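Visitor: Residue numbers (the working numbering), protein chains in the order written: chain A, 1 to 136; chain B, 1001 to 1280.
FYI, nobody ran anything at the bench for these hints, they're computed from the structure. Among the hints, erroneous ones may be present.
Straight-line alpha carbon distances no greater than 20 angstroms define the calculated EDC-like cross-link-like pairs of lysine to aspartate or glutamate that follow [as the list claims (entries may be wrong)]: (1) Lys1158(B) x Glu1227(B); (2) Lys115(A) x Glu92(A); (3) Lys1100(B) x Asp31(A); (4) Lys1198(B) x Glu1083(B); (5) Lys1239(B) x Glu1227(B); (6) Lys85(A) x Glu1253(B); (7) Lys1057(B) x Asp1222(B); (8) Lys34(A) x Glu97(A); (9) Lys1057(B) x Asp1180(B); (10) Lys1100(B) x Glu27(A); (11) Lys1094(B) x Asp1072(B); (12) Lys85(A) x Glu1250(B); (13) Lys120(A) x Glu92(A); (14) Lys1057(B) x Glu1178(B); (15) Lys84(A) x Glu1250(B); (16) Lys1239(B) x Asp1072(B); (17) Lys1192(B) x Glu1227(B); (18) Lys93(A) x Glu118(A); (19) Lys1093(B) x Asp1204(B); (20) Lys1198(B) x Asp1076(B); (21) Lys1198(B) x Glu27(A); (22) Lys85(A) x Glu1258(B); (23) Lys1094(B) x Asp1204(B); (24) Lys84(A) x Asp1248(B); (25) Lys84(A) x Glu1253(B); (26) Lys1080(B) x Asp1097(B).
Here's a subset of chain A near chain B, in silico, CB distances under 8 angstroms, partners left out [said to hold, decoys possible]: (27) Glu27; (28) Thr28; (29) Glu29; (30) Tyr30; (31) Ala46; (32) Thr48; (33) Asn76; (34) Arg80; (35) Ile102; (36) Arg107.
Being a predicted model, the structure only gives us computed values, none of them experimental. Note that the Cβ used here is the ideal one computed from N, Cα and C, for glycine as well.
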Amino acid sequence: MRRNLGLLAAVLCMFLAAPLVAHHGFETEYDRNKAVKLTGVVTMVAWTFPHMRVYVDVTDAKGVVTNWNLEMGTPNDYTRQGWKKGDLLPGEKVNFEAFGGIVVESRGQLRSITKVGETKPLFSGEAPGFVPPSLQ
Amino acid sequence: MKRVLVMSTLLAGLIALPVVYAQEAVAPSGGYSIGFGGTRISAKDAARPAPRLPDGKPDLSGPWVRGGVNNDFETDAGMKPGELATYLQPWAKKLMDSRKAQDEPYTACLPMAPPPAVHPYPWRIVQSYTWRGMTHIFIIHENGDSGAHRQIFMDGRKHPAPEELLPTWFGHSIGRWEGDTLVVDTIGYNGKNWYDQKGMPYTDQLHTIERYTRPNYGTMVDNVTIEDPGAFTRPINLKLTATHVRPDIELSEFICLENNQYGIAGGFRPGTGIGNEPLK
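Could you build all of it, start to finish, from the sequences and the hints given here?
Guide: Right, here's the structure in full:
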């Protein structure tokens, strides 16, 4: 029960926080109405500037594979939360949530990513939920 | 006597340092305070006295976060809705209204804004000594491509004559001390980027006067006046506050052009948004 409350709080935090912290570029590229929750296999983790990106192969019911390109914030924010380069690697299976791109839907803004079999989202730091700094 | 002063200052610093490091940083409230360079300094550390340099001048180092107005000038400056428009000449208001967020120069890896820009990443003041004393101050921003570095001449020189001055993104800055306040006077801006992501314009007639004070360890106050007879109706006075970051945080690098994919998900090719020419 307590855990459920925590989860609820986390989700609420994400939704409440996002509009407050919108920053450069989000609204022009991503659509809050295209929220997705998918499972896939990581193909690449790009520790790049200005923003990190995680690429995930998602296979649909018909067996068609789409490689999602998920934008995050600057790598500096994640290293400050204690995330290390080996914490997420190609080949790992993940659940993720994202806002899809306005035009190219499979280019998403990553909201949370969790390894399959684990409950704690990656690089969420002290915060229960995760809102990419690029939303700020 | 001077040596004793220097030694005791250094000693005091060495004693104070582990205390600052030992303090646990304040946990972020809500789920989104992980940006802005990480969590902030603890309230207890923030309340400590502002440190001084061996020569007695205030130590303004930081690193700091925030203390600017770049997201939405009107909101960040604490103005009422519609108030900013009263500061803008009609052409400037019209230009601002015509701008699209996707063309913001910053998103094309160009400098974010003239001071006082807010930087979501840490920034640091470097008080630089030569044999003649504190001759330069540099303000360095983590997102260097967007914020670059600012150079402030502290050696008593004046601004060049207007005909000698080539306008630049961060202008020509000269600084002086008024007691414990660092006053930075800057002209020679090029007027090319936007003051905020809403598209607030300014021109090459911009003149900024920043007054930095550090009332305690964790706080930097910037009382800033920005005036631009080319775009504003009257000077704008702001009081802005920056916060010291957690003591273990240092500036990192930020190479914006490495992998900037801005625009593709939205199906547009971003413009550079450069230029503040009045609309005909």
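Visitor: Flag every earlier hint the structure violates by its number, smallest first.
Guide: Hints that this structure does not satisfy do not exist here, as all of them hold.
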